[in-house]
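Protein chains: 2
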Amino acid sequence: MNTSTALHTDRYELTMIDAAMARGTAEEHCLFEVFARRLPGARRYGVVAGTGRLLELIRDFRFGDAELEWLRTHDVVGQDTLDWLANYRFRGNIWGYREGEVYFPNSPILTVESSFAEGVILETLVLSVLNYDSAVANAATRMVTAAIGRPLAEMGSRRANEEAAVAAARAAYIAGFGATSNLEAGRRWGIPTMGTAAHAFTLLHASEEEAFRAQIEKLGTNTTLLVDTYDVRAGVETAIRVAGTELGAIRLDSGDLPTLVTEVREQLDALGATGTKITVTNDLDEHAIAGLANSPVDSYGVGTSVVTGSGSPAASMVYKLVARRGADGAWVPLAKNSEGKASIGGKKTPMRRLSASGRANQERIYLGETTPAQDVTERALNVPLVVNGEIEELYLGAAGTALAREHRVAAVSELPAAAFRLARGDAAVPTVFIGN
Amino acid sequence: MNTSTALHTDRYELTMIDAAMARGTAEEHCLFEVFARRLPGARRYGVVAGTGRLLELIRDFRFGDAELEWLRTHDVVGQDTLDWLANYRFRGNIWGYREGEVYFPNSPILTVESSFAEGVILETLVLSVLNYDSAVANAATRMVTAAIGRPLAEMGSRRANEEAAVAAARAAYIAGFGATSNLEAGRRWGIPTMGTAAHAFTLLHASEEEAFRAQIEKLGTNTTLLVDTYDVRAGVETAIRVAGTELGAIRLDSGDLPTLVTEVREQLDALGATGTKITVTNDLDEHAIAGLANSPVDSYGVGTSVVTGSGSPAASMVYKLVARRGADGAWVPLAKNSEGKASIGGKKTPMRRLSASGRANQERIYLGETTPAQDVTERALNVPLVVNGEIEELYLGAAGTALAREHRVAAVSELPAAAFRLARGDAAVPTVFIGN
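So the sequences go chain by chain: Z and G. The first sequence lines up with residues 1 to 436 when you count with our numbering. The second sequence lines up with residues 1001 to 1436 when you count with our numbering.
Same shape as in the complex, but just chain Z (with noise of 0.2 Å):
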């Protein structure tokens, strides 16, 4: 396989860059910006996820022999392009929005700054992370609420393309999962990954005491035995026999959880078993969990729901040309009048104006090329990502998810109650445009 991302684009990003080099519009300076018109599933608030990932696939955008060949051989562009593409790497600048950050319709969560050409040509790229791992993140930010304080592991590896997986896995940490099912995960982003037994392992034994033995015996006592394979209440005795009432926790995949939830306990406790957990783990999503808020659940391990951004898999972000350098060198506003997809052009300075408690109360963005002063009553939302080409390294690998976990912490504790609201709703936080 190859590790180029270049060709991870669509096919109208490269013809277009054909035509725009014959006409000689190829090297007009731009700006691109990515931006939600909704946020989907009617959710109140959004969650940035996926930027230190994109950085790094930009970094790797890179047109080798083997893409230029085929390019050539299946005539997609011609002779002057190709020799292009084989110097391209992205020599501009991208600010944002910091990854966990909180958004809101139309916050500009990303703008590109470069030639025309070298910033279309990441528009596929670009929007393929940032709309999956959102799409993940906006959904585990619900969950992390629903689950009140009790730690969630993401198990949707099987439910979702084995590369998106690992995305999946990165943006529901960076959204406050305490870990992952997923080992590539572990490997290439540092998130803990977690994990004891299935049923089969239970089938495979020539009875479910066996099977525990089994697990015991290797993993210890602290470990997790899945009860439900047969019969619970039997299981759970049988758990508690074998482990004895040190064992470290029980795992439920079936049945009417509420009810199922506080009899194990009870029956845990009767055993003298009153330190080993409950841990749930049957097609959960937020709802499913907010409805376990009153039941002796102790953590959640959530598959489906958050690898598929539960209802809403794509974040619905766009990637729009909204200005071009003018002759006398200021940027002219540019966008589409389309029915119902009406944009708004030009250079943007988004801030969160926050109450006197800290609460963030609008989201402004502001028009024109003068920056705000920020002040105690806003916050600028945008950093630095790529300057004249370099990288900000502070935002790549294990450390930049780390750093993009903990920022989500804070920018959601500015936000208010009804931001949490799991119905559907309007936006907790409403976006303001504001001309200069």
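Keep in mind the hints are simulated off the structure, nothing from the lab. Errors might be hidden in some of the hints.
[To be verified] Quick list of the computed label-pair ranges, beta carbon to beta carbon:
{"id": "1", "chain 1": "Z", "residue 1": "296", "chain 2": "G", "residue 2": "1355", "range": "53 to 61 Å"}
{"id": "2", "chain 1": "G", "residue 1": "1426", "chain 2": "Z", "residue 2": "234", "range": "31 to 39 Å"}
{"id": "3", "chain 1": "G", "residue 1": "1059", "chain 2": "Z", "residue 2": "220", "range": "42 to 50 Å"}
{"id": "4", "chain 1": "G", "residue 1": "1372", "chain 2": "Z", "residue 2": "210", "range": "49 to 57 Å"}
{"id": "5", "chain 1": "Z", "residue 1": "296", "chain 2": "G", "residue 2": "1059", "range": "44 to 52 Å"}
[Unchecked claim] Chain G regions said to be covered by chain Z (calculated; three or more residues, Cβ under 8 Å):
{"id": "6", "region": "1193-1203"}
{"id": "7", "region": "1216-1222"}
{"id": "8", "region": "1236-1249"}
{"id": "9", "region": "1317-1331"}
Here the structure is a predicted model, which means the values were calculated and not measured. Ideal placement from N, C-alpha and C gives every residue a C-beta, glycine not left out.
Using the hints provided, position chain G relative to the given structure of chain Z.
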């Protein structure tokens, strides 16, 4: 980036192997089966996709030094298991439905025969691939039906993880789409690629007319011009004025399509551009496509809905241990009894029963080791995919992808008319288990 697929695995697969090795059960001869308990979205049939891609990933499922070192450092498994992993390659048998085959609830899509350890370790990867690719194919096949023979192009890369996008392009192609915008899918799987220009290209230029001239100069008059950046009627007029009446196509990406398409067709005809085609690309799904059946649309571009499975982003397939070889050499059926998740153990032979006119009317799953006689009324569904670790080359690469695309046409042609209803409902063909 590492190219081994071995860590695309849930941690518990490895801890189960670790415990089973210590207990002496890791080498038990086992059968694992992939099936879906239901068709998500209450669809009438499903299309298997991902198999050829999966076989290549299984070939690359090897633990190299980097993987072993990471597992050792993070104390995931003990030394005996690390030694076993170092020598791992799949040496068992895999058989299953052909890629492109139709399936129903409980169809045993894939069966893995191997030692417990050798088979259980593939669970996560197998499900990641089949669940995502089949989810896309399940959505795409309905869109193909709704398009009543008009060509469809997949252009949803920006709304899916960057690697998922490549898999989605492949799955949509297998399900009958004719092309993709994704260049990497073109390179990796031999899928035709397409695309010309976006709104950004029009915005970049001083006028729509100048943008159209630039595009036509480079791409010729047989190109597709996007006419809705400003005003559609003016855009169409400009397009024909610049390109002449031989213009290949115009693209509409906004507005109320049934009305707009009819108006634009009339305008094109009035301008003499009777051969200029109309392609539409505005947030289409199978229902929107069906709603355009009586409109003069020539082709469709589909994005978000196809790459996200049109509301069902994972096919809900599971990978279950269904049998273990007993001391006498016979398969012992295994099945858990968890509430709402009970399964049917044992070896199975799936056949599709056909009426005298060749119409599928029953999915017959024979239980037990006797292979039923195949006759004119029953079509055997299993083919060998891996034999003693040797992968069937026929199904790999671009050739395997093309074969799967052909097979879907044949399999779908057997379906009863009820299968093509877009409304929610029961599977079009009932699945029955037949004991021995």
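Does 44 to 52 Å hold as the CB distance between residue 296 of chain Z and residue 1059 of chain G, or does it fail? Hint holds: Cβ distance 47 Å, inside 44 to 52 Å.
Go ahead and decide if the range 31 to 39 Å is satisfied by the Cβ distance of residue 1426 of chain G to residue 234 of chain Z. holds, 36 Å
Quick check: does the Cβ-Cβ distance between residue 1372 of chain G and residue 210 of chain Z fall within 49 to 57 Å? violated, 35 Å
Three-residue Cβ test at 8 Å for the coverage of the region 1216-1222 of chain G by chain Z: Coverage by chain Z holds here, the residue count being 3 at a Cβ distance below 8 Å.
Outcome, coverage hint (the region 1193-1203 of chain G, chain Z; C-beta under 8 Å; three residues): holds (count 11)
If I claimed the Cβ atoms of residue 296 of chain Z and residue 1355 of chain G lie 53 to 61 Å apart, would that claim hold in this structure? Given a distance of about 55 Å, which is inside 53 to 61 Å, the answer is holds.
Quick check: the region 1317-1331 of chain G, covered by chain Z? Criterion 3+ residues, Cβ under 8 Å. holds (count 4)
With a cut-off of 8 Å between beta carbons, are at least three residues of the region 1236-1249 of chain G near chain Z? violated (count 0)
With 42 to 50 Å as the target window, see if residue 1059 of chain G and residue 220 of chain Z comply at their CB atoms. Violated: the Cβ-Cβ distance is about 36 Å, outside 42 to 50 Å.
Going down the numbered hints, you'll see the structure goes against 3, 4, 8, while the others check out.
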